[in-house]
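The listed protein sequences derive, respectively, from chains G, Y and R.
Oh and the first sequence: position 286 is 286 in my numbering, straight run, nothing missing.
Oh and the second sequence: position 249 is 249 in my numbering, straight run, nothing missing.
Oh and the third sequence: position 250 is 250 in my numbering, straight run, nothing missing.
Just so you know, the hints here were simulated from the structure itself, not pulled from any lab data.
Being a predicted model, the structure only gives us computed values, none of them experimental.
Hints should not be assumed to be uniformly reliable.
Which chain Y residues stay away from chain G? Per the calculated CB distances, all over 12 Å, these [to be verified]:
id	residue
1	Gly64
2	Gly72
3	Val90
4	Ala130
5	Tyr153
6	Thr244
Label-pair distances were calculated between CB atoms; the ranges are [to be verified]:
id	chain 1	residue 1	chain 2	residue 2	range
7	Y	Tyr10	G	Phe197	16 to 22 Å
8	Y	Leu48	G	Leu77	54 to 60 Å
9	Y	Leu48	G	Glu125	42 to 48 Å
Cβ coordinates follow ideal geometry from the N, Cα and C atoms, glycine included.
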Amino acid sequence: MSADRSKFVFVLPGLIVLVAIILFPLLFTIRVSFSDWDVARPGLDWIGATNYLRLVHDTRFWESFGRLALMAVGSVLLQYMLGFGLALLVWREVRARRFFRVLFLIPMMTTPVIMAVIWRTMFHESLGPVNDLVRLLHFAPLPWLSQAGLAMMSIITVEVWQWTPFMFLMLLAGLLSLPREPFLAAAIDGAGPIRTFLRVTFPMMAPISIGAIIIRLIEASKILDSVYVITSGGPGTATETSSYYIFIRGLRDFQVGYAAALSFTYLVIMAISLTIIAKVLARAMLVRDRA
Amino acid sequence: MSALYRILKYAAILLWSAFVIAPFLWALTTSFKTANGITGGPTYIPWLQYQPSLEGWRLLFRSGGGGIQIGGPYLDSLIVTISASLISLVLGTLAAYGLSRFTFRAGFVRNADITFFFISQRIMPPVVLAIPFFLMLQFLGLLDTKFGLIIVYIALLMPIAVWVMVDFFNTVPRELDESAMLDGCSPFETFWRVILPNSKPGLVVAGLFCLIFGWNDFFFAFTLTFTQTQLLPVAIVALNSSVTPWWSLSAAALVSVAPLVAVAFVLESYLSRGNLAGAIR
Amino acid sequence: MSLVATELTRRVDGVVHLDSVSCVLERGRFYVVVGPTLSGKTSLLHALAGLDAPDIGTITFDGADLAAVPVWSRSVSMVYQQFINYPHLTVYDNIAFPLRRRRLAHAEIESRVRAIAETVSLTPFLERLPGALSGGQQQRVALARSLVKGSDLLLLDEPLINLDYKLREQLREEFLNIFSAQSRSILVYTTAEPNEALLFGAEVLVMHEGRLLQVGSAQSVYARPATATVARIFSDPPMNLVPGSLDDAALRLGDDVRLPRPRHFGPLPPGPYVFGIHPGDIAPNPSGIAAEVELAEISGSETFLHVHHAEMRLVAHLSGVYAYALGENVQIALDGAKLFAFTPDGELAAAPTSGG
């Protein structure tokens, strides 16, 4: 077999499997979104853009986007700042740093949905330890899961707990691969720690920062499991994200056609906004680099 | 470094450590409680604040009344995760090697576009795929089977394997491949006899990522399996009803997250050696 | 019994790597490809090995076209400038690797590996992994691996460039002995250093910007470089080139330097020329041209003196260590009998008579 032919032997099996598993469902979703498929009448009829016209006026859908944006951007920013801080803390000159590194990685290894179940017991209004801590600080116990703002905060807390380790991992790997010379140069110039960070560390970490933030934003935009377990979208629809709303429409109410239209719209909006965010981030962080 | 700075630094490290550990400690102490130890409000220290019991742990092997019979789901989770990870790793590594070493051209499509196609599958929200997957598996008669779930997980995990391995292979000098071919290896022999034996760091990291994401999935197991096949997260979340048996829930949670905590140690050792992707020399 | 390359041309993303290179390489002979970085040396080796197919051009071996023969079926070996070995195999297994791919008998492999290991002084290290060896030893392993299969074509791509000076000298010596024993292979060795080619005394191919500029014995290329470009490439430091003119009685360099017309220029017609002189043929001399020192580099027991006289810049290669201050005024003399003359478009017009 020639090199020209054998190269396909490497790539094609994976490509075919992936196309078969992913592309077919995606095309199918698009087709279904133009049908009236629901629990009463399953089938691929053609109703034109009716589902899309319906979703334009579906305020619950659009509100879920706002909440998703708040939740995703809020938690990813927190994760980035905390993860960067932690990576800097255990980067060098710390006792038992390998122990702390392992410890800081652990939450990322645990099953989000299982830890969410544990967190739910912790946020329990009367029986959970979180309110015990609140009482210890001489405040009144808070209804963590049954008040809109607090429920959002609870979910963000759990997300931060779960995924800050990922930022930590990426940023620490980045820090450990930085060359030494720029730091020596900064030290020779007499730059203090803050100046060194702003002028040397942060600019050199910009590319990996952008990568890590984008990966986390992509993952965060899919959030569903933890919402399902911790608040089930409640109270009311206060923590309902787009994924969760589509889940309810499609797999609870079994309005398959409408859910498909919602799915496709969601996918397109996500792809566009993530592309824009990636461009904006790259510009904002890399311009600093040149300054 | 001033003393104040040092104190603040260690205080921050310890504070975050406490936050990281809190859910585990809470689950650990709760797993030894009974209804009595819970309904009176939060308690932490056994014997002092509540009478510890092994009931929660015994329930892992019983059914009914808060029992969870964790053996079956544990085995199912292991089978599905390991099979899907292995298949993804094999397919993903082959594809990554091809994309790293050969030039593909088809119309406007280049290697980078194919690589992006592989990796971009991670952008797809599970909820978008759930209904078509459901109908697809139903059509194939694979709903509620381990095999059906493995197929779905391959699509989920292969992009991760491709992502890590393309990065890895790009750090392996091409001269190594050329030498092997000059020494009489066909492209496939080159891959098998020379490249693969020197790819352990990449394979370990890619494999671990596959295991993590496979083991930790909930949504597809939840929507595509019901009674015949039950994965750990689904079994545990099923306990999360209005009257939750916190003790067996906590015990089950600890047992199911334990194996991957070991992964953190392996991952850290690769981190400490300098580069996660791992270079060959 | 030869390898014939005809008009090899290769471009990658619009950049010319090889530009119509043709050459004939005979069995049992030793060729050194000389050229600066990115001159196309490595591209030529890749094309000869069959690793990269040329866009245009053919390669035949003993008359048979090689285009359809995949790399792994050819009889080619290559040693790289990086020390490329199989990191997961011991030195023994590394050397045995190509033989095992050919399914030779066990005893045959054993005896061949031991023999070649003895030649390159690796016998004590056979059970080690390459990563545990020094750079020089790693390159010996790569060399042994390329020699053991007795290929028709043995390619060495600047194999000594990543070694330190002393090791380089020592290995070069050993290479020469080993190569002289290879009577049936075609050896092609690339280097950026003309001195290496002169030391090997081999057939030289001079390359520049993907083109093959001149082919000939090392001594003949040095004595009669076909063009000014070859003259610069095949001289270290590069030959000094100064524009000037020639009339019946005298030779002018720059604006105001006049030298008597050298006898070896013979019947060269008057007119503008570019004159060349090897840095070794320039020396300080009280009766020479006044010049100002720009830089004096000392390397080992040699001094490279950079000077200028008005617009004319020259480098002199002096044996021995001399101290010069920057900006110091010196007198330097050009040996007229050692001057080369090139036409304004770079063709050799006259060269010093050899022996001088």
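Structure-based check of each hint:
no.	hint	result
1	Gly64	holds, 20 Å
2	Gly72	holds, 17 Å
3	Val90	violated, 9 Å
4	Ala130	violated, 6 Å
5	Tyr153	violated, 10 Å
6	Thr244	violated, 7 Å
7	Y:Tyr10 with G:Phe197: 16 to 22 Å	holds, 19 Å
8	Y:Leu48 with G:Leu77: 54 to 60 Å	violated, 41 Å
9	Y:Leu48 with G:Glu125: 42 to 48 Å	violated, 24 Å
The structure fails to meet hints 3, 4, 5, 6, 8, 9 from the earlier list, while all remaining hints are met.
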